[in-house]
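Number of protein chains: 2
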Amino acid sequence: MENFRYQNTTEVVFGKGQTALLPQLLKEYAPANPKILLTYGGGSIKSNGAYDQIKTALAGFDLLEFGGIEPNPQYSTLMKAVDIVKAEGVNFLLAAGGGSTLDGTKFIAAAAKTDSADPWDTILEKQTPVTDAVPLADVITLPATGSETNGFSVISKKEETKKLAFWSKAVFPKFSIIDPSFTFTLPERQTANGIADTFVHVVEQYVTHPQDCPLQDRQAEAILLALVNTAPRVFANPNDYQARANIFWMATQALNGWLNVGTVQCWAIHAIGHELTAQVGVDHGRSLALVLPGMWRQQRKEKGEKIAQLGRRVFGISGDNQDEVIDKTIARTISFFQSLGIHATRQRYGVSDAVISAVAEMIGSRGVKIGDRANIGKQEIIEILNLCD
Amino acid sequence: MENFRYQNTTEVVFGKGQTALLPQLLKEYAPANPKILLTYGGGSIKSNGAYDQIKTALAGFDLLEFGGIEPNPQYSTLMKAVDIVKAEGVNFLLAAGGGSTLDGTKFIAAAAKTDSADPWDTILEKQTPVTDAVPLADVITLPATGSETNGFSVISKKEETKKLAFWSKAVFPKFSIIDPSFTFTLPERQTANGIADTFVHVVEQYVTHPQDCPLQDRQAEAILLALVNTAPRVFANPNDYQARANIFWMATQALNGWLNVGTVQCWAIHAIGHELTAQVGVDHGRSLALVLPGMWRQQRKEKGEKIAQLGRRVFGISGDNQDEVIDKTIARTISFFQSLGIHATRQRYGVSDAVISAVAEMIGSRGVKIGDRANIGKQEIIEILNLCD
Chain B
-19 MENFRYQNTT EVVFGKGQTA LLPQLLKEYA PANPKILLTY GGGSIKSNGA
31 YDQIKTALAG FDLLEFGGIE PNPQYSTLMK AVDIVKAEGV NFLLAAGGGS
81 TLDGTKFIAA AAKTDSADPW DTILEKQTPV TDAVPLADVI TLPATGSETN
131 GFSVISKKEE TKKLAFWSKA VFPKFSIIDP SFTFTLPERQ TANGIADTFV
181 HVVEQYVTHP QDCPLQDRQA EAILLALVNT APRVFANPND YQARANIFWM
231 ATQALNGWLN VGTVQCWAIH AIGHELTAQV GVDHGRSLAL VLPGMWRQQR
281 KEKGEKIAQL GRRVFGISGD NQDEVIDKTI ARTISFFQSL GIHATRQRYG
331 VSDAVISAVA EMIGSRGVKI GDRANIGKQE IIEILNLCD
Chain V
-19 MENFRYQNTT EVVFGKGQTA LLPQLLKEYA PANPKILLTY GGGSIKSNGA
31 YDQIKTALAG FDLLEFGGIE PNPQYSTLMK AVDIVKAEGV NFLLAAGGGS
81 TLDGTKFIAA AAKTDSADPW DTILEKQTPV TDAVPLADVI TLPATGSETN
131 GFSVISKKEE TKKLAFWSKA VFPKFSIIDP SFTFTLPERQ TANGIADTFV
181 HVVEQYVTHP QDCPLQDRQA EAILLALVNT APRVFANPND YQARANIFWM
231 ATQALNGWLN VGTVQCWAIH AIGHELTAQV GVDHGRSLAL VLPGMWRQQR
281 KEKGEKIAQL GRRVFGISGD NQDEVIDKTI ARTISFFQSL GIHATRQRYG
331 VSDAVISAVA EMIGSRGVKI GDRANIGKQE IIEILNLCD
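Residue numbers (our numbering), protein chains in the order written: chain B, -19 to 369; chain V, -19 to 369.
Copies of the same chain look alike in the list, so a pair counts if it works inside one copy or between any two.
SDA-like, lysine to any residue: derived pairs with alpha carbons at most 20 Å apart:
| no. | residue 1 | residue 2 |
| --- | --- | --- |
| 1 | K154 | G237 |
| 2 | K149 | E(-9) |
| 3 | K(-4) | N(-17) |
| 4 | K26 | T36 |
| 5 | K142 | K349 |
| 6 | K7 | T111 |
| 7 | K(-4) | Q191 |
| 8 | K7 | F(-16) |
| 9 | K358 | R277 |
| 10 | K(-4) | G242 |
| 11 | K(-4) | E(-18) |
| 12 | K154 | N(-17) |
| 13 | K154 | T(-11) |
| 14 | K(-4) | F(-16) |
Derived from the structure by calculation, the hints contain no laboratory data.
Build out the structure end to end from the sequences listed, making use of the hints.
What follows is the structure in structure tokens.
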């Protein structure tokens, strides 16, 4: 284990009906008599019950609304919200919806407190540390990103075909209300995408070159084992509260930071996946399911030991021939994605040779190689994508 | 999963030499120009390097010292420290040592801010909620209690043969410095006790009547698997930094609260273990190793499914006969404790029939049955202890 510092101050408020606690949570975490901006996306919160419960809980509060944050939150949209925050003196942000809405709201929170005329440039391109932000919280309604208990935010700028991320302690939610009942009405596609996202979040923090972190390994395998064994339940019965609750908790735990303390992380699958989404619009979770096999095939030497370990400990694959175990693990992982209804191929998502070149060029142009060994550059990305199904 | 709320604001500062960060950590978490009381125990910190590193880091700070906190921190000793805190205007506490020192310091922090003339009575006997405490932090040097990232404190009053616990959000450390190098010089006995304590912390949150919490199950098994597989390394080479680091992290993670969110917990092994320590002075970790087999034997019906699951998933025990799997799991767990050098028998620890009666009487007299089913009373405790080796 390497030296590290870790802190996560977000209060998790989990379970049925917990939205009713909003007034007391705001009393604890928001300024007195807060001026709140409720942010949301396309309106799923108006059909899954979240919107009604929030409005009921916040009757009597000074509440503005900003809807329309996209599944890949767009910079131009978010800056409109920043204008409202500044003009109206909003001093607390409440994001209701999935990770896109929450990520977008984290960016609004940061951009509203910066003097920069171009927050895209300073925060996302230049990665200038964000040290101040409007306090925020969320009612998260989609298990996928784990954004509810971390300081990450991923923002898109389609005018430039870009999708970039930032992290800051200042944008950890003060509290996150996680009511799994809001997920009963999720389209199967989103349920599947969220599970794939959770799986690959774990992989990015675990399938790396070998480490001496036995607990973190076992904790990663714990999430994968629970996920693989529970996923069938949510498809068999979308209204199974316990199944939904367990799946949500796995998504949250996959990216709250515990898995990667003291160890190395890859994140190359996500880097490439983000570019694919920017280029061809493929859903985030599906982009990861496409890239993972290509990554494991190309990175077989560096990552082989961990891939085989995953295969043995998560999928129960046995055998002394390491190469065979690795092959079987890759196949078994693809089967898992397929069991979610995700059949990820380059053809299906329109990932042509031209797209592959564009993705490799975009990442390569940043001048920094990616992956846990920092050894994946333009050439490797082309190889990886050509090894995808 | 049941509804829950969870928050853990402690900043973990892990690794070699991290004590050097004390000045900047105090700048962030302590009052300006703090008046600090450094608390410690018998002096192990003067031989493991922690004291020197702390004094070096805090040169120039207003620092008082209070040593002598016992392995089972005594109320009377702690109240002397409370007097000093009040008389000297101490406004920050820094505990250096094991969980005993830290638990004792948490109590000092709470007692110093209460108007009660008898903090033992109000905080520990009556469990009056503690809502205010002197801010505190720690340099924890013994992997065992997990006190470094929770709000628990266990205090003893030998005049009354009592050992009681309290919990409060107000006594979570602001930060915890965890440098595994300080554990190289631990006597084998303490290393073993700490590992046993970690194991049983997990058991208390996992070996209960059946639940539908697949992730928490797997996370508990993750700690047990990692612990069982790593323990031999610290005995083989006490100066193996990575082994020490991994073992420390397991102890911390076992009781930071993540394992028990949304599920049930037992804590009856600890309740009985505490009484045994109060009665006959047996080390805490050893008291748990003694009680666990008796608990599992007496609670076979309620806990059998989880005992067998532990056996299968942690110890690799196979077979369709559930009773046999349970028996083998109990035997295998005893073997694990023995591999640490802990050979726990009633005879060895002086647990006579009279002691058993006293323990059962003490717990029974509180009028509340213990265990995850709240069904373990005086009679059951006698049965449990008579089923111990």
